[in-house]
Every structure is written in C-alpha cells, then in structure tokens.
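Asker: So the protein lines, in turn, are chains P and U. According to numbering that gives the first Met the number 0, the first sequence holds residues 0 to 191 in order. According to numbering that gives the first Met the number 0, the second sequence holds residues 0 to 241 in order.
Please keep in mind that the hints were generated in silico from the structure rather than gathered at the bench. Some hints could be false.
[Claimed, not checked] One side of the interface only, derived from the structure: several residues of chain P facing chain U at Cβ under 10 angstroms:
hint	residue
1	Ser2
2	Glu15
3	Leu30
4	Gly57
5	Arg78
6	Phe138
7	Ala149
8	Gly165
9	Val175
[As the list claims (entries may be wrong)] Computed spacing ranges between beta-carbons, pair by pair:
hint	chain 1	residue 1	chain 2	residue 2	range
10	U	Asp164	P	Arg65	19 to 27 angstroms
11	U	Arg33	P	Asp59	34 to 42 angstroms
12	U	Val70	P	Gly156	48 to 56 angstroms
13	P	Glu5	U	Thr140	38 to 46 angstroms
14	P	Asp62	U	Ala197	28 to 36 angstroms
Note that the structure is a prediction, hence the values are computed from the model and not measured. We put the beta carbon where it would ideally sit given N, CA and C, even for glycine.
Spelled out from the first residue to the last, the chains are:
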Amino acid sequence: MSSDDELAERLRDGDEKALRAAYDRHGAAVLYLAQRLLGNRADAEDVTQVTFVAAWTGRDSFDPQRGTMLGWLLGIARRKAVDRMRSAARDDRVTETVRAQLAPPDERETPERIVDRLVVADELGRLPDEQRRTLELAFYDDLTHPQIAAVTGLPLGTVKSHIRRGMANLRRRWEVDGAAFGSRSAGPSRAL
Amino acid sequence: MQHLDPDRLVLLALSEEQQELSETDHLAQCAGCRHDLDSLREVADLGVEAQDLRDLPPPPEQIWRAIEADVARTREAVTNPAPPVGLAGRRRRAARNRPRWLMPVIAAAAAAVVAVAGTVAVDRFTGRPATEQVMARATLTPLDTVPQAAGGDARVLADGQMRIDVRNLPLTTGFHEVWLIDPDDLTKMVALGSLTGAPDVVLPVPPGTDLNRYRLVDVSDEPHDGDAAHSGRSLLRGTLTS
Chain P
0 MSSDDELAER
10 LRDGDEKALR
20 AAYDRHGAAV
30 LYLAQRLLGN
40 RADAEDVTQV
50 TFVAAWTGRD
60 SFDPQRGTML
70 GWLLGIARRK
80 AVDRMRSAAR
90 DDRVTETVRA
100 QLAPPDERET
110 PERIVDRLVV
120 ADELGRLPDE
130 QRRTLELAFY
140 DDLTHPQIAA
150 VTGLPLGTVK
160 SHIRRGMANL
170 RRRWEVDGAA
180 FGSRSAGPSR
190 AL
Chain U
0 MQHLDPDRLV
10 LLALSEEQQE
20 LSETDHLAQC
30 AGCRHDLDSL
40 REVADLGVEA
50 QDLRDLPPPP
60 EQIWRAIEAD
70 VARTREAVTN
80 PAPPVGLAGR
90 RRRAARNRPR
100 WLMPVIAAAA
110 AAVVAVAGTV
120 AVDRFTGRPA
130 TEQVMARATL
140 TPLDTVPQAA
150 GGDARVLADG
160 QMRIDVRNLP
170 LTTGFHEVWL
180 IDPDDLTKMV
190 ALGSLTGAPD
200 VVLPVPPGTD
210 LNRYRLVDVS
220 DEPHDGDAAH
230 SGRSLLRGTL
240 TS
C-alpha cells in the first residue's frame, strides 16, 4: 500500500514516470476489464488509453484514503467503457439501454464482479509469500488445511494463521475497493 | 452468546468443513457472524476466480505510446493556452456585478426570447454558437455517495436554455435527469429533461422559471419505473450564480 501512496504522490506532483509505473502495474487489469465490458479488443485498447490519460489529467482527484490506485483506475475505466457503449449505441441508433448491452449472459459476469475479481487478484499478489502460497493452494488446488501443511511442510497452526490472515487481508481490500463501485456503496440515501 | 471462531469461519467459507447444527442456529440469530461468513465466502469465491488473472499479459507498448502522446498534447495545451476568452467569459464577469434582484428579470427576458423564437434548438445540431451568452452558471460536484471523479458544469444561456456538461457519472440502470430545485424547500423542483450521454446536452428551461428561487441544479439517477418524481438519488449538484 505504501508504494501506492508514493506513486500517488509522484503522480500528483506531475511526474510522468509515475504514470508509466501505474501503467506497468495496472494497465493489464484495466485492459482486461475494458475487454470484458466491451467485448472487442480495439475498443478496449482505446478505453485503456483514455483511462490513463484521464487519470493523468484528473490526478488531483485520486485520494489514497478512499481506495487504492487500482480501484481508482478501474472506476475510471468502467465509466469510460460505459461512455463508449453509449456513444456506440447512439451512433448505431440502437435504442436498447446500456444495461441491455451490459447484461452478461453469465450472472456472475457483472462489471462489479470483474472489478472485484481484479482487486482480489491484485491483493493476492501483494500478500507475503507464505500467506499467498497457502491461499493459492486452498483456492486453486482446493486443498484442505492439513493437505496444505503436508505439501508445504509448515505446521498446521501456521497454515491456519496464514490462511486466516490472508483471507482477512483480501476481505479488507475487497471492502475498500469494492465499496467505491456503486452497487454495494452506502446504498441510496434519499437526498431530498 | 458464543460467536464463531475466526478460524472456524474461514474453514466454513472455504467449504472445507460442514456447519454443525449449533453453528447453523447461531448464524440464524447473529447478523455479525452471518455477515462475516458471507463476506469470507464471497472473498473465497473471488479468490478461486482470480486464478485466471494470475498471468495477464503485460499491457501493450503501443497503448502506452498513445497515452504518452496524449499527455504531451495536454502539456502543450497548458503551456500554450489557446485564447478562447470569448464573449462568454467576459459576459460572466460582467454578470457577476449585476444586482441579485435583476435575476428574475433576466430569466423572464430569457423566457420571452424563447417564447417568441419558438424552438430555437438549432445550435443543438450546429454546435456551440460562437457568441453564446451565459446568464448563470453552476459547477456540479458529486455527492458523497458518488465517485469523486464525477462532475460537471451547467450554464443558463441567454436564449433560455441550459447547456449541461457532465463527466464520469456512475453507471446506472436507469437514466440521468436534470432538475432545478429550490434550496429553501427541497420538495419544490422543476424537471428539465434527461441526459443523453452526449458530452454536453442543451435542455430548455421552462419559460417563466424563477432562477433566483430554483437555483440548485441537480442531476439524479432515475430508474425506469414510470415514476416522474425525483428518485431521491442525487448524483451531482451545484448552485447557479450569475
């Protein structure tokens, strides 16, 4: 997280190298999200481009207290992708709503879900090595705690605490960055 | 009441062990443990799905070159700003000195222009006229529940129309509606119309609208529920000033 803060600070200071660092770190996730939302590579590349340009021009609006840089970038990318879909709909004189276009065949493939997955994947990559490894064995290989202990040679108690802490870290990150994404956020407050 | 142990919650979330009856009973009663378990389950599911994202290819260099070129262009625009301080800008400064009581007069005059000219929506198709006169203006800022990158700008033009320009509004399953609200009585408001998603949209202000009273510009998220009233979900707001 601290490197995110440092990157944010350099970005706010107008250091273009920080934008490059952000692109290297998060460009793949932004492109992935755009491609999943738009369904075609050329549009996804355009959206990735405008996302980072918008991040640059709007760099003062990034507040590390409110979420991570990845969460912020994915939020921009999502809005840019929606803008793109809307203008495509207009160009084609298509009358369906954006929602209809977005409606994924698979119930799990909502934009929120894709963002959440990217956020959790990113956090997984940032965990301390042993925490990450034990979680990967649990998630990807579907191993139980005792099996993980056997595979890694770690004591069962250590495996337990790695997994518990790792899950807590993923959950915290998901709640921080997931909360910024509409569907789960604070809920409709009747402002009037 | 004995809450579920954190290690136990993780085991249940990973479906590594089955819930015991006493635990099922406890979860039925305890919103806290239920929430923890649901969150951990969700995270575990996301973790499983994250497998596909482990080895995303690095983002292509050609996209970076396009970003770099755009950023360089914005830098040039900052160092060599174009001089578009046209009439609108000067007009706005002049308008700021105008006494407040004149506002209804201006609004009435603007309304008269619209009434006489009928549908002067020509500029909607021909683009912004060079001599656009701005009578009042509001900077729209996001409410707390809205991503802070959202924002916009509303200008009341001399011809009685409002040009509204928004950016980064959150995704909605409905549509965005523009309102003029009386900040002294939030139940009183005038609906101007909906945004199309175009970068800027021109909406007619109903003739006779008192912009001194209805000075709060509000952009709301409206569901397609056939209910013409304000949904209560405001996204952006700003106060008109002359």
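Asker: Hint by hint, work out which the structure violates, then give me just those numbers in ascending order.
Answerer: 1, 7, 9 and 13
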